[in-house]
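> The lines below spell out each chain.
Protein chains: 2
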Amino acid sequence: MSDSTIPYKIYLSEDELPKYWYNVRADMKVKPAPLLNPKTFEPMTPEELSAVFCDELVAQELDNDTREIPIPQEIQDFYKMYRPSPVVRAYCLEKKLGTPAHIYYKFEGNNTSGSHKLNSAIAQAYYAKEQGLKGVTTETGAGQWGTALSMACAYFDLDCKIFMVKCSYEQKPFRREVMRTYGASVTPSPSETTAIGRKILADHPGTTGSLGCAISEAVETATGLDGYRYVLGSVLNQVLLHQSVIGLEAKAALDKYNVVPDLIIGCAGGGSNLGGLISPFMGQKLRGEQDYHFIAVEPASCPSLTRGKYAYDYCDTGMVTPLAKMCTLGSDFIPSANHAGGLRYHGMNSVLSELYHEGLIEARSVEQTAVFEAAELFARTEGILPAPESSHAIRVAIDEALKCKETGEEKNILFGLTGTGYFDLFAYEKFNNGEMSDYIPTDEELEQALRKLPQVPEENA
Amino acid sequence: MSDSTIPYKIYLSEDELPKYWYNVRADMKVKPAPLLNPKTFEPMTPEELSAVFCDELVAQELDNDTREIPIPQEIQDFYKMYRPSPVVRAYCLEKKLGTPAHIYYKFEGNNTSGSHKLNSAIAQAYYAKEQGLKGVTTETGAGQWGTALSMACAYFDLDCKIFMVKCSYEQKPFRREVMRTYGASVTPSPSETTAIGRKILADHPGTTGSLGCAISEAVETATGLDGYRYVLGSVLNQVLLHQSVIGLEAKAALDKYNVVPDLIIGCAGGGSNLGGLISPFMGQKLRGEQDYHFIAVEPASCPSLTRGKYAYDYCDTGMVTPLAKMCTLGSDFIPSANHAGGLRYHGMNSVLSELYHEGLIEARSVEQTAVFEAAELFARTEGILPAPESSHAIRVAIDEALKCKETGEEKNILFGLTGTGYFDLFAYEKFNNGEMSDYIPTDEELEQALRKLPQVPEENA
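Going down the list, the sequences are from chains A and B.
Those letters in the first sequence? Residues 178 to 638, by the numbering used here.
Those letters in the second sequence? Residues 178 to 638, by the numbering used here.
In isolation and in its complexed conformation, chain A is listed as follows (with noise of 0.2 angstroms):
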């Protein structure tokens, strides 16, 4: 069945790891827009960025200009328990599909945490433990991201304080036992543990939660604690750099047997994974050496790049944080209920957003129950279940290796499997049960979530 040069899977020497991140920002003419404080509309500076995250993060945060930045022996090291992660020839697919298209995944879900988190999260508890902090606090939703910080801050013996929304420390009991078993204290949001979980609690006693009061809940936390920073897993630009691990293992794996994708796919929802995976290939198109077709793909239930509006907004529903110039449907907006598939932000990273503002990257929306049969259809013939994100980008690779199947060429397709779907069954028996549903946001309600866009001054925007 196999082409008889290129392997089912490639795997990089721990030699041929990546010793450096690739920071895209440096070859992009027009540079993201910075975040602005959302009382001045000033941009934000070091200092005020420093109460909040650690010292190099926020230098890396701001750091539009250095294209290389070496990856710490400590972190490579880490890197090493899990990474290479392979490229993966999808040749049972391809079979399946009876295409002449070249299928390539880069497969990121070999880890507990079960997705390409950890790649940050190692990160920024490295450098969390170098600044001499004792924890970190975060928010996480369905847990993915608490995870892999949870794992990352048990190799470096950090405390680790995770605000779990309610819902679904309840629903989803499962992460959360992984992240106590990495040591992690996990904390229903809202909680009694800060004064804005208990004024959400006053005024709203018997709420679920929602992914913006624990990310409010985390960052007071970490700011009224002494030897705290607080750390987050996507949608900032330092979470894009650390990811372009994968992007830089995927280029040199298919540089190794001269393949060249015409197509690269990612899912996205912060962007952490699309901007990571792409990274190094944009670069290159950015410099004029090699052009590539580029496809973000999101859900129709929540589509920020397809229908959202490219402006400042708050990074989350509080209304706390800085400013971020982005693709937003507002920071307002909850996808619909019946939304199963992860990809949940109202906004997207600023770096991809600008890129997708100038035309560089083409975005798709589709809808979960199609994305749901490419998942079902990838997990039987490749033998891996993929989380509900990736399954966005899968559907996507299908849909383009049918229309080559179509016109006869042999296209090579690349794209990112962020991750595994072992903590997303629930999903799963809903589509296996014929209950899954889709649904599109009306025009109205996509204008009514961008009404409480922040009013910026027409010099900072």
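Worth flagging that the hints you see were computed from the coordinates, not collected in a lab.
All values reported here derive from a predicted model rather than from experimental measurement.
Do not rely on the hints blindly, as some may be mistaken.
Because identical chains cannot be distinguished in the list, a pair is counted as satisfied if it fits within a single copy or across any two copies.
What the hints assert, rightly or not - Taking lysine-lysine pairs in the BS3-like style, the calculated list, with each CA pair at most 25 angstroms apart, reads:
| id | residue 1 | residue 2 |
| --- | --- | --- |
| 1 | Lys206 | Lys588 |
| 2 | Lys196 | Lys186 |
| 3 | Lys272 | Lys257 |
| 4 | Lys486 | Lys206 |
| 5 | Lys343 | Lys607 |
| 6 | Lys349 | Lys607 |
| 7 | Lys272 | Lys196 |
| 8 | Lys257 | Lys186 |
| 9 | Lys306 | Lys272 |
| 10 | Lys186 | Lys433 |
| 11 | Lys433 | Lys257 |
| 12 | Lys272 | Lys311 |
| 13 | Lys196 | Lys462 |
| 14 | Lys196 | Lys580 |
| 15 | Lys257 | Lys196 |
For this one, chain A is given, so just place chain B on it according to the hints.
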């Protein structure tokens, strides 16, 4: 941190993957005792076995002479989707323990079934397909084997009917949904679909089922349907044969770096993993080429090797299967209700039982609280959340590494990490909450269970 010559993970290339399974029976001076007909006490004939099992698998079951059995190309192709599995040097665990020992583990959990069970599932599905069958039936408890089989059947477009013990079906819905995603039909057992199921339901209304009952239903269904056979994921010699791929890969990987393991440690339930891991090493030992020390690790609550009897017994609690000569606690034995960590089978594969009887394998039993302590330490240092089963081997590997710390010996320790614990979080939760307890059966309990051993005439035993 790392030894300069040995990487964190040793991967074979696809060219180096085993092309044959190794049949350790060929090198045994005393062959394992044959399966007996439970009525006549005569050795089961191929014809008798073929009513229940696939023809080629019957041939493999009875073949005590062929040393190398070729792995069909289609199975090799499937193996390439998730194999080779790495041999990992546990640098971080060694550092944490401060031991001079070198610890290696063969990690079989990086596939959606989450364990080594897939190695035999795909082989059994292949031979069923080759025979022109429509489908297979099996039973599953917690669901590891059922998941593996459903993946294998999806790949070969075979129907897959799984009887899942009712309490697992209801309380552990996630693995059930993985199986359904792979297209298997999953029936809670006892069910109304079989005569034995209906009888049990009539006799014991409201029963939550047992593995023995599920086996009986699966066998009844297979033999009653045209074009179906029954398949089994452990205990049988054919399964040990397929699982030899674990040991063959492990040996090839260590040979690359001239590493000779002093200790080889595996957890032992029915014996599929332990047998597979040690087979090629045991072959060398039997042929007098190299000495190794093997340690089988079993739960103190289900101690078939350390406290069982080497005798003919039924393979199931329903007493409908052929008799196997094995180390057994009696087919009536059921581990205490507080037992959380898998490995709950009353007997042990015949090959391993014979080798243990000859003193070629050491056996140890460990208590489950100590097992989960080892699991937690391993997860935090090596980044992988281990299956409770695998953690039995981790426990003894750590114990041995700590002994080396005292003596200063630089032993090479190899253990089998059979799978991940992502679907075992209820057990971890119990541990995290401090609610886990240990139980060691009394001598009286063990004597009681052994009273129902079949009375095989001296000349057949």
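> Run every hint past the structure and note whether it holds.
So, going through the hints one by one against the coordinates:
no. : hint             : result
1   : Lys206 to Lys588 : neither (29 angstroms within a copy, 57 angstroms between copies)
2   : Lys196 to Lys186 : both (22 angstroms within a copy, 18 angstroms between copies)
3   : Lys272 to Lys257 : between (33 angstroms within a copy, 15 angstroms between copies)
4   : Lys486 to Lys206 : within (21 angstroms within a copy, 77 angstroms between copies)
5   : Lys343 to Lys607 : both (21 angstroms within a copy, 20 angstroms between copies)
6   : Lys349 to Lys607 : both (15 angstroms within a copy, 16 angstroms between copies)
7   : Lys272 to Lys196 : between (36 angstroms within a copy, 23 angstroms between copies)
8   : Lys257 to Lys186 : both (17 angstroms within a copy, 8 angstroms between copies)
9   : Lys306 to Lys272 : between (48 angstroms within a copy, 19 angstroms between copies)
10  : Lys186 to Lys433 : both (12 angstroms within a copy, 20 angstroms between copies)
11  : Lys433 to Lys257 : both (20 angstroms within a copy, 19 angstroms between copies)
12  : Lys272 to Lys311 : between (52 angstroms within a copy, 22 angstroms between copies)
13  : Lys196 to Lys462 : within (22 angstroms within a copy, 43 angstroms between copies)
14  : Lys196 to Lys580 : neither (38 angstroms within a copy, 37 angstroms between copies)
15  : Lys257 to Lys196 : within (12 angstroms within a copy, 29 angstroms between copies)
Hint compliance for this structure: hints 1, 14 are not met, and every other hint is.
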